[in-house]
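Chains as they are written, first to last, in the numbering used here: chain G, 267 to 437; chain C, 13 to 460.
Source of the hints: derived by calculation from the structure; they are not laboratory data.
Hints may contain errors.
[What the hints assert, rightly or not] Going by beta-carbon spacing under 10 Å, a handful of chain C positions derived as facing chain G:
(1) D23
(2) E30
(3) L32
(4) L65
(5) K69
(6) M94
(7) P121
(8) D122
(9) L124
(10) S125
(11) N130
(12) R317
(13) F321
(14) Q440
[Unchecked claim] Which chain G residues stay away from chain C? Per the calculated CB distances, all over 10 Å, these:
(15) D274
(16) D284
(17) L286
(18) R289
(19) F301
(20) A305
(21) N312
(22) I344
(23) P345
(24) R355
(25) L356
We treat Cβ as the ideally placed atom computed from N, Cα and C, and that holds for glycine.
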Amino acid sequence: MILLLTIDFAGEIKPLSDQLEARFRTEVAVSPCEFDCRAFLDQQRNQYNSSAMVKRLEQDRPLSVCKVLAVTGLDLFIPVLTFVFGEARLNGQCAIVSSYRLDNRFYGLAQNPALLQERLLKEAVHELGHTFGLFHCHNPECVMRSSTYVEEIDYKSSRLCGQCSDRLVKC
Amino acid sequence: MPDQVSMLIVDDETSVRESLMHWFMPEGYRVETAGGAAEALDKLRDSSFDIVLLDVKMPGMDGIELQKRLREIDGQLTIIIMTAYATVDTAIQALKQGAYDYITKPVDPDDLSRLVRNAIEQRRLIRENLSLKEEISSLISVDEIVGESPRIQEMLKVIQTVAQTDVTAMIQGASGTGKELVARAIHFNSKRKYFPLITINCGAMTDTLVESELFGHERGAFTGAQYRRKGKLELAHKGAIFFDEIGNIGSKTQMDLLRVIETKRFTRLGGNQVVEADFRIISATNRNLEEAVKEGSFREDLYYRLNVFNIQLPTLKERASDIPLLVNHFVRKFGTAMNKPFTGVAPHTMEWLKQQPWPGNVRELQNAIERAVVVGKPPLISMDDLPCPVNWRSSLEAEEVLPLAEVEKRHIQLALDRTRGNVSLAAQLLEVDRATVYNKIKKYCLSY
Ligand SMILES: [Zn+2]
Ligand SMILES: [Zn+2]
């Protein structure tokens, strides 16, 4: 089972949860996150420390669920990097994705809810893929290709390539 | 993994070490960390590393001194220095002593991953013993193009030939004949296949939008441009760019494009830094571009640049013998996707399908089958499952005064054709929301 935790997420979570349910063929539960995320705010950067958040998620994880994915509208960073779209522990249980920099409005473009939803799905599948032990993939259309630019997210599909899905089945 | 890249992250801050380690692990690298100089030296004595990310400012021994010591142990080590803005001088000193490069914290994730990738690439090139065996795996097979007719077999041969060269190709064919599929087949069978194929649909965009999409822009290039944005040419670096409906670009873009093709260099909008990119160009058009050249609406020099190798796609009518093969392919494809165990179509239905004119070509056929799979009951698709007369789109006569609803229907179909059935884009062109477009599609039985 996958647990989706919302942290300061204003969007609708239902479409994502439905899509993930279909993708991973497992039950997806949704619940608001209980901890206070202000603890992870870096005042100077006005961003939230995603590594610290993932660590906290690992501590709080209910034993009954297989994977936890936090979905947030907050701007995430890790030290050294200016931002991250999300973070996961390879072969771990927990991951986080942020919609903050997936939204066209962040780049001064017109709002595009469908595109935002698509990007969020891709990043969610990508980070969950890491928790299932998947590495970055060189196939340009595979969802496990690493994207450090929002446009790069648009060029990959939301699906695993043949090699990655084979690997996922083995896990 | 015999060829696994190994990386050592040296920083006195635990949070930096850990988060960077987790950030690099999905790359498949072996990542280890050290909290100080002594630990770093120990680790390097114990095992070898390819890359060291080294914080320049640590208590005990400074990064420059540590760099020297690390190099004494392994002279081949690639060292990347991490520094805060205040210590750029130190970083420059480090470069003089042979560091590969330095980054100032915080760094753009794209810059860091590119830097590390380049460093790895450089190491690979240096290690000459690594023979560059071409991987035989093919990411996409030409099998996706279905057909046994002579026209298609001939086309497949042409695709194979073009794929093996780096030549600029132009694909000509009526709408729905599968131009994008051919572009993909060329790209994914070429030696550029591990890099992206970037598509730009010129038919659905204004000229100014095409420019900003192609070249990208710098922060502050225009109102609302808060961040630097890479253009498609830049994203296509080492891969290919596919211009769909190239005949639709305006004269200014034609001129800019010609210059880029000649120099492979350009600047982002609002910037003056020259960006170099290495890409292959594949373009497609459903217009007769030679006519456009004669009329003067398309530059002749650009036309010859783009049309180095020409591939003509047959209409579905010209390869009608492939229809049963295609129909069965689509039935299987959509049946599997929707979990409906269809085995084929009823015999008289296949006859009927073969006789239709299919003005929208393979795409129209594909959409018809997709709909039939949605509404039909397995195991066979019957006539009743094909809801609309497929050839409703009679010739458009300009003089004719049509009922308003008919005009609306045709106009929406036009938008859908232009955007290759992308409802979101069509909605943008029509300046209505997607729900409206979907409702009209339903109402008028439009194909998309
Ligand atoms: Zn990743
Ligand atoms: Zn993959």
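So, going through the hints one by one against the coordinates:
no.: 1; hint: D23; result: holds (8 Å)
no.: 2; hint: E30; result: holds (6 Å)
no.: 3; hint: L32; result: holds (6 Å)
no.: 4; hint: L65; result: holds (9 Å)
no.: 5; hint: K69; result: violated (13 Å)
no.: 6; hint: M94; result: holds (7 Å)
no.: 7; hint: P121; result: holds (4 Å)
no.: 8; hint: D122; result: holds (4 Å)
no.: 9; hint: L124; result: holds (7 Å)
no.: 10; hint: S125; result: holds (6 Å)
no.: 11; hint: N130; result: violated (14 Å)
no.: 12; hint: R317; result: violated (25 Å)
no.: 13; hint: F321; result: violated (23 Å)
no.: 14; hint: Q440; result: holds (9 Å)
no.: 15; hint: D274; result: holds (21 Å)
no.: 16; hint: D284; result: holds (16 Å)
no.: 17; hint: L286; result: holds (18 Å)
no.: 18; hint: R289; result: holds (13 Å)
no.: 19; hint: F301; result: holds (18 Å)
no.: 20; hint: A305; result: holds (14 Å)
no.: 21; hint: N312; result: holds (13 Å)
no.: 22; hint: I344; result: violated (4 Å)
no.: 23; hint: P345; result: violated (4 Å)
no.: 24; hint: R355; result: violated (6 Å)
no.: 25; hint: L356; result: violated (5 Å)
This entry does not satisfy hints 5, 11, 12, 13, 22, 23, 24 and 25, going by the numbered hints stated previously.
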